[in-house]
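K.L.:
Take a look at the letters that make up each chain.
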Amino acid sequence: MTENMKLLLDDRWAPITSEMGFLETNAEHAARAFTAWRAGLQAPRGIAVEARPVSGTLEQTLSSLLPMTSPETRRELFIPTRSPWTAYVENGWGGTDAASPMAYMARTLGCRGLRVVAVPHTLRKDKGRYGAVMLEVYGPHQTEWLNYVRALGASNDGGRWVFDQSGEPFPFEKVERYQARRVRDRFTFDMLEEYLHHLGLSPFEEDFYLPEGAPAWLVEKTGTFVPAQTEYTLAQAREHF
Amino acid sequence: MTPYEQLFENNRRWAEGVSRLALLLFLTGCAAQPALWGHAGYAQSSPVTARHFPGTASLGQQAVDVDFEAPTPQRAEELRQSGVQLPRVSPGMADPRAHRDFVELRVTAVGFGITAGGYLLYCEGLPLPVLVPESHVDLGLTSAEPLNAFIYPDRDTALAGMAANVPSSRHPRYAYYRGAGGALLVPTLFSPATTPRIAQTMLEVRTHLAQTAQRELKVLLLTLTGTRVLQGVFSRVVRVSAKPTLRPLAPKEARGGELPVPRQPVTRAAAPAAEPVSAPAAPAPAPASPAPSPGLVRALTGNNPTPPVAASPRLPQDVAVNPKVPDARKVNRPIGSSPSQNAQVRTDVQYLQDIGASNIRVNQQQITVRNSQRVGTNRPDLQFDYNGRRYHVEYDTPTSGRGPGHQSRITSNDPDADIILLIVP
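Protein sequences appear in the order of chains A and B. So for the first sequence, my numbering puts the first residue at -1; every next one is plus one. So for the second sequence, my numbering puts the first residue at 215; every next one is plus one.
Pulled out of the complex, with its shape left as it was, chain A reads as follows (with noise of 0.2 Å):
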């Protein structure tokens, strides 16, 4: 299944958008929340942390997050779409995680929060990587479990596949496919492009981003870091993909 994934930009761009994130709300918005919270708790450690807007094609904003980092994670990009919600990555090296800030924000801006995650399956001994395909769902509000309204996955976990699901189904979920007998096709990249439409995105589609004279805008951690830090190319991170 996961290995006909039509991903954005060709997944030149993985592992920073194999998981994204994404806020119902607008960028700039998104961006100085985001950093007003981030600011409040490395001030202690003295490091800083400011927005400023980058504008250029998608690929070009994406550079903006170079080098990629770790341990530790230095810049974040919201990028404005052609619909009410903002896309999330970042320069983490393993690439993003978007689930943490997602469903933080979600919870404080009063807004819904996702976390879309697509890899192929391409494990060969030593290469490529674990296939994954999942959708998170968080709301502004308590749910039964923190502000999770809905997550649905079926991923590869080291070896075994596995389909996770929990919350009340959305209408347009096709949810007799959960039965299917191959755990990878319970829940494909087709089915999640498919719901993302119904929730109005179309996150691996080049010009869903950036819609003329929006922003995008970077976040970025400036001060010193642990002494392990260290910074790779794009090229280093996808060297044993």
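Simulated from the structure, these hints should not be mistaken for laboratory data. Mixed in with the good hints there might be a few duds.
[Unchecked claim] Covered stretches of chain B (in silico footprint by chain A; criterion: 3 or more residues with CB under 8 Å from a CB of chain A, positions within the stretch not fixed):
| hint | stretch |
| --- | --- |
| 1 | 562 to 575 |
| 2 | 582 to 595 |
[Stated by the list, open to error] With a Cα cut of at most 30 Å, we get these calculated DSSO-like pairs of lysine-lysine:
| hint | chain 1 | residue 1 | chain 2 | residue 2 |
| --- | --- | --- | --- | --- |
| 3 | A | Lys125 | B | Lys538 |
| 4 | A | Lys219 | B | Lys538 |
| 5 | B | Lys538 | A | Lys123 |
| 6 | A | Lys172 | A | Lys4 |
| 7 | A | Lys4 | A | Lys125 |
| 8 | B | Lys538 | A | Lys4 |
Cβ coordinates follow ideal geometry from the N, Cα and C atoms, glycine included.
Starting from the known structure of chain A, arrange chain B on it as the hints suggest.
P.N.:
Showing chain B alone in chain A's frame:
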């Protein structure tokens, strides 16, 4: 003020609060690992010398760990003869009940034994529960006075100190000493007067036992007076509820204060015989929505209550694991069948989200910081990145005893990781 400025201001205040909390923990907490720190600072009626405050002299602007302890008269005399001048501090600073090692502050759960003849205390930072013999407990004692604020090195010395003081008070007396191999400060008698939170939970656990069918659980435990490992059979464990309020220290309770009317030292033999089961019913256990695990909060403020262990040879299956890292699954999966543990994980995940922790995983195979590589087939209950470090949290029941084994395996797979062992019944 714009909404953004307001949000920033709120977060800045919150972060400052965390920073102050961290400083407070540093300043007041230390002896959770007494073996590492040696003697803590002493409070006495003379000027201070720096060498009795380990960690204070050369740390520049770093916060330091200091607990004030009143020395016994013998120890004070030894120091005086060696030319050491000890500081004079306010009485409250040397109150053993405010010490981070005071058992009342460290306990997380209480169990009651069938065959071992006592209670189990599960304490933060201790790998095994501690046995409190029934002879050290008087659940009917509601009023007592400490002999002084001295911390005796062991129970026998404390009892000898009490016997040496002429009884002249109408109230029963007790003293403090270091128990459980020095890891805890404990009174010579556990009672509502000396350790109200523990006593309340002891009553509760016995009440539960009387009302429900017995289910025997075999556990390993430490003795209160040493570090010997015993095996016992226990039937009920109850989590300790809200923190107690510290009763102000009466002037006569101050260190070195003369106690005009001491009476008999309080021991089980001297105390009135109590019938715990007939005592008033204890309040209900803690509410369903717990606060973030104190051990987790402490660890992230630089004061991990779980002492590190040395790495040992890795298991073959961990060595052989493919280092490729699978994606993080949804975190609202249970870690086990315990509703209270699952509720605690939920609360801890929200806390971690709030403080900007990332790569949070629940019940997935062990990885290193920032998804660098998978290093084991073991599945820590909770793992995450925070400020450039990888943390692993294990939630164990009081009787499982599996925490140290989990810690050892996680450490062997990733010696740079921080491990936090939590006891959640």
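K.L.:
Do three or more residues from the stretch 562 to 575 of chain B put their C-beta atoms closer than 8 Å to C-beta atoms of chain A?
P.N.:
holds (count 11)
K.L.:
Take the C-alpha atoms of Lys4 (chain A) and Lys125 (chain A), compute the straight-line distance between them, and say whether it is at most 30 Å.
P.N.:
21 Å, holds
K.L.:
Would you check the hint for Lys538 (chain B) and Lys123 (chain A), treating anything up to 30 Å between C-alpha atoms as holding?
P.N.:
10 Å, holds
K.L.:
Is Lys219 (chain A) within 30 Å of Lys538 (chain B), Cα to Cα?
P.N.:
Holds, because 28 Å separates the two Cα atoms, which is no more than 30 Å.
K.L.:
Quickly compare the C-alpha distance for Lys125 (chain A) and Lys538 (chain B) to 30 Å and report which way the hint goes.
P.N.:
8 Å, holds
K.L.:
If you draw a straight line from the CA of Lys538 (chain B) to the CA of Lys4 (chain A), is it 30 Å or shorter?
P.N.:
23 Å, holds
K.L.:
Given that the stretch 582 to 595 of chain B was listed as covered by chain A, double-check it with a C-beta distance under 8 Å for 3 or more residues.
P.N.:
holds (count 6)
K.L.:
Check the hint pairing Lys172 (chain A) with Lys4 (chain A) against an upper bound of 30 Å on the C-alpha distance.
P.N.:
Measuring from Cα to Cα gives roughly 21 Å; hence the hint holds.
The structure fails none of the hints (numbered hints given earlier).
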